[in-house]
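Residue numbers (this note's numbering), protein chains in the order written: chain U, 768 to 1268; chain H, 511 to 565.
Read the hints as simulated data drawn from the structure, not as lab findings.
Careful: at least some of the hints might be erroneous.
Label pairs and their computed distance ranges (CB to CB) [said to hold, decoys possible]:
{"id": "1", "chain 1": "H", "residue 1": "Ala538", "chain 2": "U", "residue 2": "Arg907", "range": "18 to 24 angstroms"}
{"id": "2", "chain 1": "U", "residue 1": "Phe912", "chain 2": "H", "residue 2": "Ala538", "range": "55 to 61 angstroms"}
{"id": "3", "chain 1": "H", "residue 1": "Ala538", "chain 2": "U", "residue 2": "Asn952", "range": "33 to 39 angstroms"}
{"id": "4", "chain 1": "U", "residue 1": "Gly1053", "chain 2": "H", "residue 2": "Arg534", "range": "41 to 47 angstroms"}
Where is the CB? At the ideal position from N, CA and C, for every residue including glycine.
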Amino acid sequence: MGHNRPFFSLLAWAVLFIAAVPVGTSVFVLGAVLGDSPCVLCWAQRTGMILVALMGLFVLRYGPRPRYLGLSVLLGAWGVYMGIRHSAAHVVRDIGQGFSVELFGAHTYVWSTFVFWCCLAAMGLLLVLLRDGEATRTDRRWNPFERLAGWVFLVVVAANALQAFASTGPPPYMGQSDPVRFSVNPRHWVWSTEEWAPAPISWRGRWAIPKPDPATLAESAPRPPSAAPPLRAVRAGRIGGTLHGPVSDLAFDHASRRFLVTTGHGVYLFDSALSGVERGTVVDPGFSIDLDRVGGAAFLDAQTVIAMARNKSYVILREALEADPARAARNFRFFLASHDAFDEVARGRVATVRARMQYVHAVAYDPAGQSLYTVGIPNATVPRLVVSRFDRRDLTLSEEFVPEIADGLAGALPAGDRPLSTLAVTGLAWDGGRLFAVSAAHRLLLTIDVRLRTITAAHALTDVQVAAGLASTGAELVVAEPDGRVVYLPRPAEAVAAAQR
Amino acid sequence: MEFLNLLLIFGAAWLVVRRPHRERLAFALAVTSCVLMGLLFFIGTRTSVLPGLNY
């Protein structure tokens, strides 16, 4: 073993490098010179690097025993996890944004991921250099270079301990999530136990957002607010034909007098009586961009429709009117059924800002303004009702707002400090310059004036059980339920006028 | 706690450098430090153990 000089020489260099460059630079340059103070996660990452180097010292002294090699690999793997976990809090922000010091175009926590990855790669290389039977205990006497590596390590660890004492304090104080600038002056030291405060343990934290389902949303808040004026059904019916799964939305085209009905991934065109399927298909959700279950649907013109998935991915389809024998084969990749019914025009994703981290379950199209509207489903992470408008021409976000509540309307909405945060818009229709929105939760129909950015009316849908979709025929509003039941409602303004008569 | 952890590491390294016959104690200190380091990171991230990203 003692003759395997390349292995130990490389290892001594590795120990010296880790101690001097990432760890030494952190404490002497970033800390002492630039005043950088590590956060609680940075401290763990820095300590992890030090421990990797310490394992190198163990191997230099006692030989490459399996327990040292194994612990080194474990530390490297844990370090990569720490780097990714820490970087994840910042890497999705805009260019150049981050936390604390940037070095050579990247922030320190990002460099940590790279350092641990290099450690793992170096361990692999060193293991390749080991000969058969050498992974055993061997007492070694250090040569001068190895002694240098050991002493440099001790000095760097001692310096880190001093910085840790100043910036985090003795136990039980520990590192902070947002520390102050490092100083050698004790008057500026902040010792904190904030990290010990009770907090829930979660895998995904604020990213654990349930996907909306109309039935579940309706169960969560089954009753409309008592002060909301009721909007009684004119009549009810049922969607004819066989569909693939529960109904998720419907829309109406005034030019062709047809309905568009969607299910999880099914897209169907119906006649004006909703009696039979004229044309239908099932979109392949896994091909290319992942389409979650379709929650919203709208006509873009008489022959072109958009199906918006809950994850804000969409597919635009155009009716295949001209006969083409090759169409079915060409469209095999896009559809799971009826390959010659539609052509796929586009598939993409829309991006939101205020409604980021919200799912959607509705879409409406304003043909005059060439705008698509969605309304995000509020959740614990983003507990606000956000209306988003996208330009049809590039499907890019053009406007977003949290609607105001018109004077005198508060009683018709759910009680609480955030009355809109418990709503869940599952159906949306554009008509006459207004957005009509049905909320499965609280069974409400909202009228939104997008010019005023205000909810101007709210009506209780007492004849609707689970609102999954909404369309406007001009004369009536049509609410679809997941089981195919449809409820025809008078337009709110007309209902109010009739009541006044 | 980070200060304590670095003292543990310093102690382990000191034994390796200056008292190599105390290998078992040095390794025990190192393992304790590893566990403490993992625990401190977990405490700092327990409200979202997985990286907060779009999966």
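Using the beta carbons of U:Gly1053 and H:Arg534, state whether their distance is inside 41 to 47 angstroms or not. violated, 55 angstroms
Distance restraint evaluation - H:Ala538, U:Arg907, Cβ atoms, bounds 18 to 24 angstroms: Hint holds: Cβ distance 21 angstroms, inside 18 to 24 angstroms.
Between U:Phe912 and H:Ala538, is the Cβ distance one that fits in 55 to 61 angstroms? violated, 28 angstroms
Falls inside 33 to 39 angstroms, the C-beta gap from H:Ala538 to U:Asn952? The hint (33 to 39 angstroms, Cβ to Cβ) holds, given that H:Ala538 and U:Asn952 are roughly 37 angstroms apart.
Checked against the numbered hints given earlier, this structure breaks hints 2 and 4; the rest are met.
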